[in-house]
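A.B. asks: What follows is the residue order along each chain.
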Amino acid sequence: MTSNSLVSINELKIDVRITKSLRLKIVDSATFDVERGQILGLIGESGSGKTMLCRSLVGTLGRRGAYIAGGDLVFDGIDLITAKPSDWRDIRGKRIGYVPQSALAGPNPVMTIGAQLAEAIEQSENHDKDYIRKRSLELLEIVQIRRPEIVLKQYPYDLSGGMKQRVMIACAIAQQPSLIVADEPTTGLDVTVQAEIMDLLKRIRSEFSTSIILVSHDLPLINDVCDDIVVMHAGATVEKVSSAQVSHSLHPYTRALYSSRIDLVEPKGQLVTIKGQPPTVGQWPSGCRFADRCDFVVDSCRSASTVPLVSVAQDHMTACLRFDQIGK
Amino acid sequence: MNELTRKQRFKNWLALPGGWGILIGTIMFAAIVIMGIVIPLFGPFKPNAFVGDPSVAPSFKHPFGLDQLGRDVMSRTFASVWIDIGVSFFGVTIPLIIGTIIGILLGVTKIKIIRSVVSSIIDGINAFPLLVVAVAMLAFFGAGLKSVIIILSITNWARYARIARTRAVVVSQQNYIEAARTLGYSKSRIVIKHIAPNVSAESVAYALSDFIIVITVISGLSFLGLAARPPAAEWGSMIADGRAYLANGWWMVIFPGLALCWAAISLSFIVEGMSRRDRGNS
Amino acid sequence: MKNQALRKILGRLVRAFSVSFWVMFISFTIIRLTPGDPATARLGVEAGKAATDALRKQLKLDVNPIQQFFSYTNGLFHGDLGISLQTGRPVLDIVKSTLPVTLTLILLSTAAAVIISIPIGTYIGWSGKSSSVYAFRTLTSIILATPNFFIAMIGILFFSVRVNWAPVFGYTPQFPGNLKYLWLPVAVNTLIMTAVVSRVLSSSVLETKGEEFVETGIIRGVGRIRFFWFYILKPSLAPTVVLLSYMMGTMLGATVILETIFTLPGIGREMIGAVLTSDYPVVQGILLFFGFITVALSFTGDLIAFWLDRRVKI
Ligand SMILES: Nc1ncnc2c1ncn2[C@@H]1O[C@H](COP(=O)(O)OP(=O)(O)O)[C@@H](O)[C@H]1O
Ligand SMILES: [Mg+2]
Numbered sequence: 125m126t127s128n129s130l131v132s133i134n135e136l137k138i139d140v141r142i143t144k145s146l147r148l149k150i151v152d153s154a155t156f157d158v159e160r161g162q163i164l165g166l167i168g169e170s171g172s173g174k175t176m177l178c179r180s181l182v183g184t185l186g187r188r189g190a191y192i193a194g195g196d197l198v199f200d201g202i203d204l205i206t207a208k209p210s211d212w213r214d215i216r217g218k219r220i221g222y223v224p225q226s227a228l229a230g231p232n233p234v235m236t237i238g239a240q241l242a243e244a245i246e247q248s249e250n251h252d253k254d255y256i257r258k259r260s261l262e263l264l265e266i267v268q269i270r271r272p273e274i275v276l277k278q279y280p281y282d283l284s285g286g287m288k289q290r291v292m293i294a295c296a297i298a299q300q301p302s303l304i305v306a307d308e309p310t311t312g313l314d315v316t317v318q319a320e321i322m323d324l325l326k327r328i329r330s331e332f333s334t335s336i337i338l339v340s341h342d343l344p345l346i347n348d349v350c351d352d353i354v355v356m357h358a359g360a361t362v363e364k365v366s367s368a369q370v371s372h373s374l375h376p377y378t379r380a381l382y383s384s385r386i387d388l389v390e391p392k393g394q395l396v397t398i399k400g401q402p403p404t405v406g407q408w409p410s411g412c413r414f415a416d417r418c419d420f421v422v423d424s425c426r427s428a429s430t431v432p433l434v435s436v437a438q439d440h441m442t443a444c445l446r447f448d449q450i451g452k
Numbered sequence: 016m017n018e019l020t021r022k023q024r025f026k027n028w029l030a031l032p033g034g035w036g037i038l039i040g041t042i043m044f045a046a047i048v049i050m051g052i053v054i055p056l057f058g059p060f061k062p063n064a065f066v067g068d069p070s071v072a073p074s075f076k077h078p079f080g081l082d083q084l085g086r087d088v089m090s091r092t093f094a095s096v097w098i099d100i101g102v103s104f105f106g107v108t109i110p111l112i113i114g115t116i117i118g119i120l121l122g123v124t125k126i127k128i129i130r131s132v133v134s135s136i137i138d139g140i141n142a143f144p145l146l147v148v149a150v151a152m153l154a155f156f157g158a159g160l161k162s163v164i165i166i167l168s169i170t171n172w173a174r175y176a177r178i179a180r181t182r183a184v185v186v187s188q189q190n191y192i193e194a195a196r197t198l199g200y201s202k203s204r205i206v207i208k209h210i211a212p213n214v215s216a217e218s219v220a221y222a223l224s225d226f227i228i229v230i231t232v233i234s235g236l237s238f239l240g241l242a243a244r245p246p247a248a249e250w251g252s253m254i255a256d257g258r259a260y261l262a263n264g265w266w267m268v269i270f271p272g273l274a275l276c277w278a279a280i281s282l283s284f285i286v287e288g289m290s291r292r293d294r295g296n297s
Numbered sequence: 229m230k231n232q233a234l235r236k237i238l239g240r241l242v243r244a245f246s247v248s249f250w251v252m253f254i255s256f257t258i259i260r261l262t263p264g265d266p267a268t269a270r271l272g273v274e275a276g277k278a279a280t281d282a283l284r285k286q287l288k289l290d291v292n293p294i295q296q297f298f299s300y301t302n303g304l305f306h307g308d309l310g311i312s313l314q315t316g317r318p319v320l321d322i323v324k325s326t327l328p329v330t331l332t333l334i335l336l337s338t339a340a341a342v343i344i345s346i347p348i349g350t351y352i353g354w355s356g357k358s359s360s361v362y363a364f365r366t367l368t369s370i371i372l373a374t375p376n377f378f379i380a381m382i383g384i385l386f387f388s389v390r391v392n393w394a395p396v397f398g399y400t401p402q403f404p405g406n407l408k409y410l411w412l413p414v415a416v417n418t419l420i421m422t423a424v425v426s427r428v429l430s431s432s433v434l435e436t437k438g439e440e441f442v443e444t445g446i447i448r449g450v451g452r453i454r455f456f457w458f459y460i461l462k463p464s465l466a467p468t469v470v471l472l473s474y475m476m477g478t479m480l481g482a483t484v485i486l487e488t489i490f491t492l493p494g495i496g497r498e499m500i501g502a503v504l505t506s507d508y509p510v511v512q513g514i515l516l517f518f519g520f521i522t523v524a525l526s527f528t529g530d531l532i533a534f535w536l537d538r539r540v541k542i
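As you go down the protein sequences, you meet chains A, B and C in turn. If you're matching positions, the first sequence starts at 125 in this note's numbering and goes up one per residue. If you're matching positions, the second sequence starts at 16 in this note's numbering and goes up one per residue. If you're matching positions, the third sequence starts at 229 in this note's numbering and goes up one per residue.
If you're looking for bench data, these hints aren't it; they were derived computationally from the structure. Small disclaimer: the values here were computed from a predicted structure and weren't measured. Note that the Cβ used here is the ideal one computed from N, Cα and C, for glycine as well. There may be inaccurate statements among the hints.
[As the list claims (entries may be wrong)] Chain C is faced by these chain B residues, among others (derived, beta-carbon under 7 Å):
#, residue
1, S135
2, V147
3, A151
4, L153
5, G159
6, I227
7, A259
8, Y260
9, A262
10, W265
11, W277
12, D293
13, G295
[As the list claims (entries may be wrong)] Examples of chain A residues toward chain C, derived with CB under 8 Å:
#, residue
14, T184
15, T206
16, S210
17, R213
18, R216
19, G217
20, Y222
21, G230
22, P231
23, V234
24, M235
25, G238
26, A244
27, Y279
[Claimed, not checked] Here are the computed distance ranges between Cβ atoms for each label pair:
#, chain 1, residue 1, chain 2, residue 2, range
28, B, G101, C, V242, 39 to 45 Å
29, C, A233, A, T404, 44 to 50 Å
30, A, Y191, B, P212, 33 to 39 Å
31, A, Y191, B, I39, 36 to 42 Å
32, B, V53, C, W535, 41 to 47 Å
33, B, G101, C, S325, 51 to 57 Å
34, A, S145, C, R452, 28 to 34 Å
35, C, A233, A, P344, 37 to 43 Å
Please model the complete structure; the sequences and the hints are all you need to start from.
C.D. replies: In structure tokens:
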């Protein structure tokens with residue numbers, strides 16, 4: 125893989141331990157790279173394994189009984205699969221910032237915003253109080269929170285959803301990490317607030333040249349902000365395409381995700397939703413996992429043993445056997 | 016064929032969260048009620064008959080032994096079912112009915128003054144621990160089981176009323192109630208047909224756990240000599256009587272105590288099972 | 229905001245006062261439940277008119293109810309709860325001399341229950357293993373279904389009858405000496421409270437464990453002790469505190485039985501004595517105190533819960 129990518133994920137597999145002998149496959153072939161200074165959009169329906177993938181980047185899979193079952197996961201030259209607790213201490217917060225899923229439940233409800241920022245700012249270095257306060261105010265200003273002095277003393281309960289999410293972002297960037305993983309940072313927020321958060325992420329990237337993995341299930345929302353888009357379906361990467369080329373996607377699933385919103389904003393048009401349900405986690409059919417929901421399906425889609433991710437153009441990979449038929 | 020599906024359906028029901036708890040609790044409860052009917056009616060000894068020497072240890076003839084007056088402890092233990100479970104039943108259902116009705120009316124009434132005054136009376140009654148207010152009232156009513164039922168009726172309704180009021184407010188704001196209102200159904204019809212059934216489900220669920228509390232209160236009051244009085248067979252008062260003979264007559268205390276626990280535990284298994292089913296986890 | 233929090237607390241205070249009013253009203257009214265006339269009920273019909281009239285006057289039942297309530301509340305504000313019919317002692321004195329024993333009993337049990345429940349509850353909740361949660365819930369529901377007087381009897385059977393570790397009679401009010409008489413009733417209360425408290429704590433910890441913010445704490449590499457307090461215990465504690473304050477009230481009520489069994493000179497046994505001798509002013513006075521203490525407990529519990537966790541509705 126390209127050696128100077130910040131993150132390089134190859135054929136990553138994540139399993140969950142259900143009982144002593146039973147394992148559930150949650151992710152079974154995730155492949156993509158994140159370049160330095162890039163915003164990468166990770167898209168997929170709920171249940172496709174996005175959150176698990178994010179957790180593998182901060183080493184918290186074990187908490188939920190999950191573990192990496194195979195593949196490569198490299199961050200800035202460090203093999204995260206074999207990382208020791210001491211390695212994690214150096215990575216988490218300092219080099220990878222994490223914005224957990226769900227804005228409303230993100231901040232700790234029993235700590236003031238100030239205390240949480242202080243925790244995010246200092247881990248081992250014993251900065252004095254004044255420094256922490258100054259830095260906290262600075263961070264709140266970066267994420268455009270008004271009246272930061274007051275907010276420092278407040279509890280998450282007193283803040284709106286958008287404010288909470290800004291605080292979480294402030295915590296994530298506190299130690300100027302080279303990568304921010306933002307898991308669905310706009311889910312549950314108002315449309316206008318969603319747009320503001322997108323702007324904020326874009327600004328953070330341009331100001332600090334941070335790489336961002338931006339997870340969402342809303343492709344049209346994040347497409348403008350992202351450089352590259354990676355699409356996950358049923359635990360596998362099905363397409364990687366630059367955001368400019370999304371409208372020329374060569375995977376039917378990506379196309380469906382992209383068009384579902386366009387029709388929403390044009391009331392006259394017919395609402396295109398993706399038909400059917402994704403296959404049950406871990407019980408994926410052989411062949412193409414999207415076959416049952418696809419308009420382009422032919423017999424060979426189902427009979428193929430695997431559907432490989434192939435390069436179809438520069439910076440464009442797709443896992444569709446019939447990509448040459450799509451878009452014609 | 017039909018038999019098979021019924022068996023299968025039962026198995027499926029059992030596999031749902033809390034299924035085993037409800038089943039075991041129900042069997043345990045049924046068992047003690049049946050014993051409470053069978054032993055006093057068909058058992059060889061009457062609960063208040065003197066059938067042997069005082070304080071005889073358990074034997075084959077008297078599995079639970081004889082008490083300080085030579086009465087058969089087993090007959091007395093199961094004769095108590097009538098009082099403990101029977102009286103508790105009234106001690107639960109009367110407050111359940113009164114409290115639920117008041118609570119529903121409180122939840123739907125538009126008259127603010129009634130709502131706030133009655134609500135704060137409810138809070139006031141609930142401020143006292145149940146056992147304490149029952150004991151205090153017995154000072155004025157005079158001891159006895161009848162007084163206990165009356166007292167439970169005039170105090171315990173407040174807990175039911177609080178639950179019913181909260182629920183009634185929630186239910187009456189639901190869409191289908193609004194719909195019924197716009198369709199011009201009369202208020203009483205809406206309350207009786209739509210609100211009451213919804214609210215009472217929750218109250219009945221609470222009643223089951225209240226049953227445990229009420230059994231404990233009644234046996235506790237009897238233990239203090241304020242509810243069932245000697246020579247009536249009742250678990251609490253049997254335990255109180257046996258207390259003085261604990262050193263060489265443990266069976267006089269332990270068997271009625273175990274029966275009391277059995278009844279309460281069976282109910283608590285049912286309650287636990289039902290709440291697991293509600294929460295939907297295993 | 230600060231103001232908002234203050235307003236909530238004030239609102240809760242107002243509610244505590246309004247409930248206290250009803251507590252007072254109920255304690256006042258309760259004597260009226262007597263079938264017929266309280267004075268006759270106590271003295272018997274054969275007592276004669278002069279004696280019943282005198283008692284009625286002593287009980288302040290000789291004027292109209294509104295005046296009665298007025299003089300009753302007026303008396304309360306001056307610390308006058310009436311005089312015992314049995315001993316002639318002021319009720320307030322009786323309360324003052326018996327309440328410390330009861331409070332010692334309750335506070336010791338509460339402290340012990342909290343100390344035991346926190347490790348058990350957090351361990352069971354955090355480990356989250358369904359088999360141990362199941363066993364734990366079954367065990368605690370058995371303890372909770374067992375009446376305190378039966379647990380006390382079993383305790384006496386083992387510790388007073390078999391070995392003489394816990395004397396069932398007597399009491400000394402001095403500190404280390406009283407533990408000899410108190411430890412068994414305290415243990416009974418502690419067992420029950422521990423069952424309730426650790427049960428609620430374990431289910432809130434289990435809930436907290438699944439929350440997203442816990443992930444954040446792990447990722448930040450928060451120190452062990454800090455993590456335990458801010459990310460496990462504190463977010464889970466509010467429901468437990470509310471329940472604990474309620475349970476303290478219930479335990480207070482249960483002392484009427486426990487103090488009778490262990491012949492402890494506390495307020496609960498005093499009340500039973502007063503009930504058995506129809507000592508109306510003492511019954512009313514103690515009932516009032518039970519009510520006030522419960523109101524104060526639940527107010528304090530709500531306040532602490534709110535201080536711990538702003539999400540709490542008070
Ligand atoms: N501890 C677990 N045990 C079993 N299944 C799990 C566990 N955690 C997550 N899953 C399952 O893994 C799948 C992927 O989860 P997730 O990564 O959260 O998806 P996404 O973030 O894309 O919505 C989901 O279907 C979820 O049910
Ligand atoms: Mg997710």
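A.B. asks: A separate judgement is required for each hint: does it hold in the structure or not?
C.D. replies: Comparing the hints with the structure gives:
Given hint, S135 of chain B at the interface with chain C, holds; its Cβ is 5 Å from that chain's nearest Cβ, closer than 7 Å. Using the Cβ-Cβ criterion of 7 Å, the hint placing V147 of chain B at the interface with chain C is satisfied: the shortest such distance is roughly 4 Å. Look at A151 of chain B: its Cβ gets to within about 4 Å of chain C, closer than 7 Å, so that hint holds up. The closest approach between the C-beta of L153 of chain B and any C-beta of chain C is roughly 6 Å, which is under the 7 Å cut-off, so the hint is satisfied.
Interface restraint check for G159 of chain B: the shortest CB-CB distance to chain C comes to about 12 Å, outside 7 Å, so the restraint is violated. For I227 of chain B, the shortest C-beta to C-beta distance to chain C is roughly 6 Å, which falls under 7 Å, so the interface hint holds. Of the supplied interface hints, the one on A259 of chain B is violated, with its beta-carbon coming no nearer than about 11 Å to a beta-carbon of chain C, more than 7 Å. Annotation: Y260 of chain B was flagged as interfacial toward chain C, and the flag is violated, the nearest CB pair being 10 Å apart, outside 7 Å.
Interface restraint check for A262 of chain B: the shortest CB-CB distance to chain C comes to about 5 Å, inside 7 Å, so the restraint holds. A least Cβ separation of about 6 Å between W265 of chain B and chain C falls short of the 7 Å threshold, and the interface hint therefore holds. With 7 Å as the threshold, the beta carbon of W277 of chain B stays out of range of chain C, its nearest partner Cβ sitting at about 9 Å, so the hint is violated. A distance limit of 7 Å between C-beta atoms decides the matter here; for D293 of chain B the minimum to chain C is near 14 Å, and the interface restraint is violated.
The beta carbon of G295 of chain B comes no nearer than 14 Å to any beta carbon in chain C, farther than 7 Å, and the hint placing it at the interface is violated. Interface restraint check for T184 of chain A: the shortest CB-CB distance to chain C comes to about 6 Å, inside 8 Å, so the restraint holds. At its closest, the beta carbon of T206 of chain A sits 19 Å from a beta carbon of chain C; the interface hint therefore is violated under the 8 Å criterion. Residue-level restraint check for S210 of chain A is violated (minimum Cβ-Cβ distance to chain C is 11 Å; threshold 8 Å).
The interface hint given for R213 of chain A is met, as the beta carbon of that residue sits about 5 Å from the closest beta carbon of chain C, less than 8 Å. The beta carbon of R216 of chain A comes within 5 Å of a beta carbon in chain C, closer than 8 Å, and the hint placing it at the interface holds. Proximity of G217 of chain A to chain C holds as hinted, the smallest CB-CB distance being about 5 Å (cut-off 8 Å). The beta carbon of Y222 of chain A comes within 5 Å of a beta carbon in chain C, closer than 8 Å, and the hint placing it at the interface holds.
Because the beta carbon of G230 of chain A sits about 6 Å from the nearest beta carbon in chain C, less than 8 Å, this interface hint is met. The restraint placing P231 of chain A at the interface with chain C holds, with a minimum CB-CB distance near 6 Å, inside the 8 Å limit. A hinted interface residue such as V234 of chain A counts as satisfied when its beta carbon comes closer than 8 Å to some beta carbon of chain C; here the least separation is about 4 Å, so the hint holds. Here the hint on M235 of chain A is kept, as its CB sits about 6 Å from the closest CB of chain C, short of 8 Å.
The interface hint given for G238 of chain A is violated, since its Cβ lies 13 Å from the closest Cβ of chain C, which is over the 8 Å cut-off. Hint on A244 of chain A holds. Least Cβ distance to chain C is approximately 6 Å, under the 8 Å limit. The closest approach between the C-beta of Y279 of chain A and any C-beta of chain C is roughly 4 Å, which is under the 8 Å cut-off, so the hint is satisfied. About 43 Å separates the C-beta atoms of G101 of chain B and V242 of chain C, a value consistent with the hinted range of 39 to 45 Å.
For the pair A233 of chain C and T404 of chain A, the beta carbons lie near 47 Å from each other, so the given range of 44 to 50 Å is met. For the hinted restraint 33 to 39 Å between Y191 of chain A and P212 of chain B, the CB-CB distance of approximately 50 Å leaves it violated. A hinted range of 36 to 42 Å for the beta carbons of Y191 of chain A and I39 of chain B is consistent with their spacing of about 38 Å. The hinted window of 41 to 47 Å between V53 of chain B and W535 of chain C is violated, with their beta carbons roughly 56 Å apart.
The supplied range of 51 to 57 Å is broken by G101 of chain B and S325 of chain C, whose beta-carbon atoms lie about 41 Å from each other. At roughly 33 Å, the beta carbons of S145 of chain A and R452 of chain C sit within the given window of 28 to 34 Å. Restraint check, A233 of chain C to P344 of chain A: a C-beta distance of roughly 41 Å satisfies the suggested window 37 to 43 Å.
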